[in-house]
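> Residue numbers for the sequence shown follow my numbering, so the first one is 122 and each next one is one higher.
Please note that the accuracy of each hint is not assured.
[As the list claims (entries may be wrong)] Only pairs whose alpha carbons sit at most 25 Å apart, straight line, appear in this in silico PhoX-like list of lysine-lysine:
no. : residue 1 : residue 2
1   : Lys181    : Lys316
2   : Lys141    : Lys151
3   : Lys286    : Lys249
4   : Lys172    : Lys141
5   : Lys181    : Lys223
6   : Lys172    : Lys270
7   : Lys163    : Lys220
8   : Lys232    : Lys151
9   : Lys311    : Lys280
10  : Lys249    : Lys181
11  : Lys189    : Lys316
12  : Lys249    : Lys302
13  : Lys270    : Lys205
14  : Lys141    : Lys125
15  : Lys236    : Lys125
16  : Lys249    : Lys309
17  : Lys309    : Lys280
18  : Lys270    : Lys317
19  : Lys163    : Lys151
20  : Lys309    : Lys170
21  : Lys187    : Lys137
22  : Lys151    : Lys189
23  : Lys280    : Lys249
24  : Lys141    : Lys316
25  : Lys125    : Lys280
26  : Lys137    : Lys232
27  : Lys184    : Lys316
28  : Lys309    : Lys286
[What the hints assert, rightly or not] Cβ-Cβ distance ranges computed for the label pairs, FRET-style:
no. : residue 1 : residue 2 : range
29  : Met210    : Lys309    : 29 to 35 Å
30  : Lys311    : Phe185    : 24 to 30 Å
31  : Glu244    : Glu186    : 35 to 41 Å
It should be emphasised that the hints constitute simulated quantities derived from the structure, not laboratory data.
Predicted, not measured: the structure shown is a model, and the values here were computed from it.
Note that beta-carbon positions come from the ideal geometry of N, C-alpha and C, so glycine has one too.
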Amino acid sequence: MRFKINLEVSSENNQKISIKYQSIFLSLLKRGLENASPEVYKELYEQNKEKLFSQAVIFKGAKFEKEKILLQTPTITYLFSTPKADLAMAVYNAFIFLKEMKAVSFAGDLKIRVKSISMIYQEPITDKQVVFQAVSPILARDHNREIRKDWFLDFTDDKYEAVLKQNLINRLVPEMGRGVKFDIDNLKIKPLNMKKNCNESL
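Use the sequences and the hints to build the structure in full.
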């Protein structure tokens, strides 16, 4: 399930956000979950459990600088996606809770308000080939358990497709069963119009 959350920020000064904005929006999600679905919050953030969701933030017309993002409009779009219906419902309730709070403290002197929450319709896939537009980074992690070291691969690496498919298997099989491995093994992934963008980790 996918949700589109329209947000609006307000400030007495210039509207700007740190370039490390991911943690700020994650904190907003956690605040909503902690109040609206405390059991889900504890399961996700008080236990060492894999989080089966993705999120993306769209700053329309914003200017990106080295350390900050200068907002040109108060409207921000937050996208959330998960295959788990129970988690999707918890997140929906989390943003309903935040919406009822009106404006909440966000980052620095910024306040943020949830304007609307809507579910994004997912078209059924009936063709053998389909093109996806990603709104968040797609990074493949090659993990060596013996030496406990990670290598992060981008779309230019020859091993990218194989490692990305293994990442999908590792994440989805525990939740969806062994049958999903057959589907992933038979996928062919071809990056189109990709670009590399490096940022500091959280």
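> Next step is simple, just say for each hint if it's right about the structure.
Status of the hints after comparison with the structure:
Distance hint between Lys181 and Lys316 is fulfilled; the C-alpha atoms sit about 19 Å from each other, no more than 25 Å. A threshold of 25 Å between alpha carbons decides the hint, and for Lys141 with Lys151 the separation of about 17 Å falls inside it, so the pair holds. A C-alpha spacing of about 17 Å is found between Lys286 and Lys249, which places the hinted pair at or below 25 Å, so the restraint holds. A hinted pair counts as satisfied when its Cα atoms are at most 25 Å apart, and Lys172 with Lys141 qualifies at roughly 20 Å.
For the proposed pair Lys181 and Lys223, the alpha carbon gap of about 22 Å is at most 25 Å, so the pair holds. Of the pairs offered as hints, the one joining Lys172 and Lys270 holds, with about 21 Å between alpha carbons and a cut-off of 25 Å not exceeded. For the suggested pair Lys163 and Lys220, the alpha carbons sit about 22 Å apart, so the restraint of at most 25 Å is met. Between Lys232 and Lys151 the CA atoms are separated by roughly 16 Å; this keeps the pair inside 25 Å, and the hint holds.
Of the supplied pair hints, the one linking Lys311 and Lys280 holds, its CA atoms being roughly 12 Å apart against a limit of 25 Å. At roughly 33 Å between alpha-carbon atoms, Lys249 and Lys181 are farther apart than 25 Å, so this suggested pair is violated. For the proposed pair Lys189 and Lys316, the alpha carbon gap of about 21 Å is at most 25 Å, so the pair holds. For the proposed pair Lys249 and Lys302, the alpha carbon gap of about 17 Å is at most 25 Å, so the pair holds.
Between Lys270 and Lys205, the direct Cα distance comes to roughly 30 Å. Violation of the 25 Å bound is thereby established for this hinted pair. Of the supplied pair hints, the one linking Lys141 and Lys125 holds, its CA atoms being roughly 21 Å apart against a limit of 25 Å. A C-alpha spacing of about 11 Å is found between Lys236 and Lys125, which places the hinted pair at or below 25 Å, so the restraint holds. Of the pairs offered as hints, the one joining Lys249 and Lys309 holds, with about 10 Å between alpha carbons and a cut-off of 25 Å not exceeded.
Between Lys309 and Lys280 the CA atoms are separated by roughly 13 Å; this keeps the pair inside 25 Å, and the hint holds. About 22 Å separates the Cα atoms of Lys270 and Lys317, which keeps this hinted pair within 25 Å; it holds. Taking the CA atoms of Lys163 and Lys151, the gap is near 10 Å; set against the 25 Å cutoff, the hint holds. Using a Cα cut-off of 25 Å, the hinted pair Lys309 and Lys170 is violated, with the two alpha carbons roughly 29 Å apart.
The straight-line distance between the Cα atoms of Lys187 and Lys137 is roughly 12 Å, inside the 25 Å bound, and the hint therefore holds. Only pairs whose Cα atoms come within 25 Å are accepted, and Lys151 paired with Lys189 is accepted, the gap being roughly 23 Å. Annotation: proposed proximity of Lys280 to Lys249 holds, straight-line Cα distance about 23 Å (limit 25 Å). With a CA separation close to 19 Å, the supplied pair Lys141 and Lys316 stays within the 25 Å bound.
With a C-alpha separation of about 33 Å, the suggested pair Lys125 and Lys280 falls outside the 25 Å cut-off, and the hint is violated. This hinted pair checks out: Lys137 and Lys232 have alpha carbons roughly 11 Å apart, not beyond 25 Å. Among the hinted pairs, Lys184 with Lys316 is consistent with the structure: their alpha-carbon atoms are about 18 Å apart, no more than 25 Å. About 9 Å separates the Cα atoms of Lys309 and Lys286, which keeps this hinted pair within 25 Å; it holds.
A hinted range of 29 to 35 Å holds for the C-beta pair Met210 and Lys309, which are about 34 Å apart. Between Lys311 and Phe185 the beta carbon distance is about 28 Å. The supplied range of 24 to 30 Å therefore holds. At roughly 37 Å, the beta carbons of Glu244 and Glu186 sit within the given window of 35 to 41 Å.
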